Each structure stands twice: as C-alpha cells, then as structure tokens.
Amino acid sequence: MRTIVKYIPILILAALTSCTDVVDVTVQEGPERLVVEASLDWEKGTSGNVQTIRLRQSTPFFDEDNIIDVTGASVTVTDDSNGNRFTFIDQNNGAYQTNSFQPVLGQSYSLRIEYNGEVYTAQETMTSVTNITDIFQSREEGFELDLLEVNVVFTDPETEGDNYLFKFQRQGDLLPMLEYAEDEFVNGNEIEWWFEPEDEDNIRPFEAGDIVDIEMFGISRAYYNYVSILIDQIGGVGIFETTPVTVKGNVINQTNSDNYAFGYFRLSEVDRASYTFVEDTINAK
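Mapped onto the numbering used here, the consecutive letters of the sequence shown carry residue numbers 1270 to 1554.
It is worth saying that the hints were derived from the structure and are not from the lab.
Take the hints with a grain of salt, since some may be wrong.
Between beta-carbon pairs, the in silico distance windows are [stated by the list, open to error]: (1) Arg1473 / Thr1328: 28 to 34 Å; (2) Asp1415 / Pro1300: 46 to 52 Å; (3) Thr1315 / Thr1424: 37 to 43 Å; (4) Asp1415 / Thr1340: 46 to 52 Å; (5) Asp1527 / Glu1453: 33 to 39 Å; (6) Val1547 / Arg1381: 16 to 22 Å.
The structure displayed is predicted, hence computed values, not measured ones.
Using N, Cα and C, we set each Cβ at its ideal position, and we do this for glycine too.
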C-alpha cells in the first residue's frame, strides 16, 4: 500500500505535464426554438392592466451576447370564463404589450401565439398570494452566523396547496436571486423566510447600506414543479446536484409538437417591498 501511494503523485504529475495539446471540441447546436417569457404579474394595490410578454429565439449555449428578439408574431390572452380577448401589441423589440388586461384571482386564462406559420398555446390560472407583514434583518438564521440575511414574514392561508416564488434583487446587482417554497409542513402558520447570498456563487454578502428589492409571487403547483427544476439547474452541476435536462414549460406547439417552445405562461399576484440594511450587532428589526 505504501508503494502504491508513493507513486500516485508521480503518475498524476506526469499526466498533467504531458497533456499540453489544445483540443477543440465541436459543440452540437440544437434547433432554434421560440422562447416565451409570459409572466403576467398583478401587483397588489394596482389594476394590473399593463402587461408584457416577451418572445425571442433560443441561441447556442456559448453565444451569450447574441439575443434574437422575435417580432411579427400575433399574441393574445383570453379569459376562459367569458371569452374576453386581450391583444398584445408588437413593440418591435421582442416585447408584446397590452394596457387593457383584466386580472381575476382564481380565473383561468389561455395564451395563443401565432409565429412562422405555427400556433403555440398555453393555459394557466391567476394565483393569489398572501401579504408580506414584516421585513427585518438578522444574523441568526443563515448558514453563516456572521453574515446578514433578510427575513420576510407572512402568514400562509389555511387552505392547503399554496406555493411561492421569491425574487431578491440587491439594487446594483445584474441578476435577481430566486427561491421557491410550498406550505406542505407550514400550512396556516406565520412564516419567517430568510435569505442570504450564497458565498460559493461569488456573490458578496449583504452589507449595511444595501437595498434589496423583494417580490413574493403566488404560483400554481405546475409552475412550482417547473421552476424548482429550473432553479436547481441554475445552481450548477456538482456531485450531489441534479443532472441538467431539457426543461419544458406549458407552452405547446399545436402545429408541430416536435418544434416545442421554451418558457412558461404564468399568472401571479405579487407583493413587492424593499429593505435597506443598517448597521447592527446581532439583530436589527
């Protein structure tokens, strides 16, 4: 055993020093697909009339700088209870907008997109969300006891099956941080949901003076299942993490099922708030 251990570093060193050739790997590119960003969010206290749906084409994995906006499509959303149709006008930049949408909690809506001679459809229900009742900071709940985290307090409704999507975005950061939750074990209780940036993702911890914008969405169970897979894959692939798979949403190509779309048609009520971190010692509320 000692002899084997002794020679393992030598073999590794030899392998590393001998592998000097550069290998070009050709990455196979999949077909271009329609990407649908159809999140209709009804902020509490607003009419929810102005809504935007964005369409683009998928791009190769390593092509991060080339976003192909889709223009010339026909986009409508229909209230399934009364047939009211809301037309989303092409803004010629990939965005399609309406200022006449009528959101109704618990109501089913249907999306229809006509593009390049094909028809894409989806159906979803406008899902309610409870109120954020308090926001405070602490250093007690997170994985690192010396780091600041933000705590969001809300009371889960007594009805079972509530699902949540949280979006945290520190002002000045390029991208938001997402988390999801369900009420399986906390149904009907007051909940303190804490969040701190993950150090392994090279995101700096919260500091005094930081302002974080918080959004809490009510989401359907189907979207919860979809976004949980998506967020887990965003976290990267490690020895204990999920193997990447093609994540299909609820947008169906009725003309050619093989040419499926990416993205999701979601309708959510959302409660929004902001919090400014202050200097503290243990817990500032």
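We went through each hint and held it up to the structure:
1. Between Arg1473 and Thr1328 the C-beta distance comes to about 29 Å, which sits within the given range of 28 to 34 Å.
2. The beta-carbon spacing between Asp1415 and Pro1300, approximately 49 Å, falls within the hinted interval of 46 to 52 Å.
3. In this structure the supplied range 37 to 43 Å is violated for Thr1315 paired with Thr1424, their Cβ-Cβ distance being about 22 Å.
4. Range check, Asp1415 to Thr1340: about 50 Å between beta-carbon atoms, so the 46 to 52 Å window is met.
5. For Asp1527 and Glu1453, the hinted distance range of 33 to 39 Å is satisfied, since their beta carbons lie about 36 Å from each other.
6. Distance hint check: the CB atoms of Val1547 and Arg1381 are about 49 Å apart, inconsistent with the given range 16 to 22 Å.
Of the numbered hints given earlier, the model fails hints 3 and 6; all others are met.
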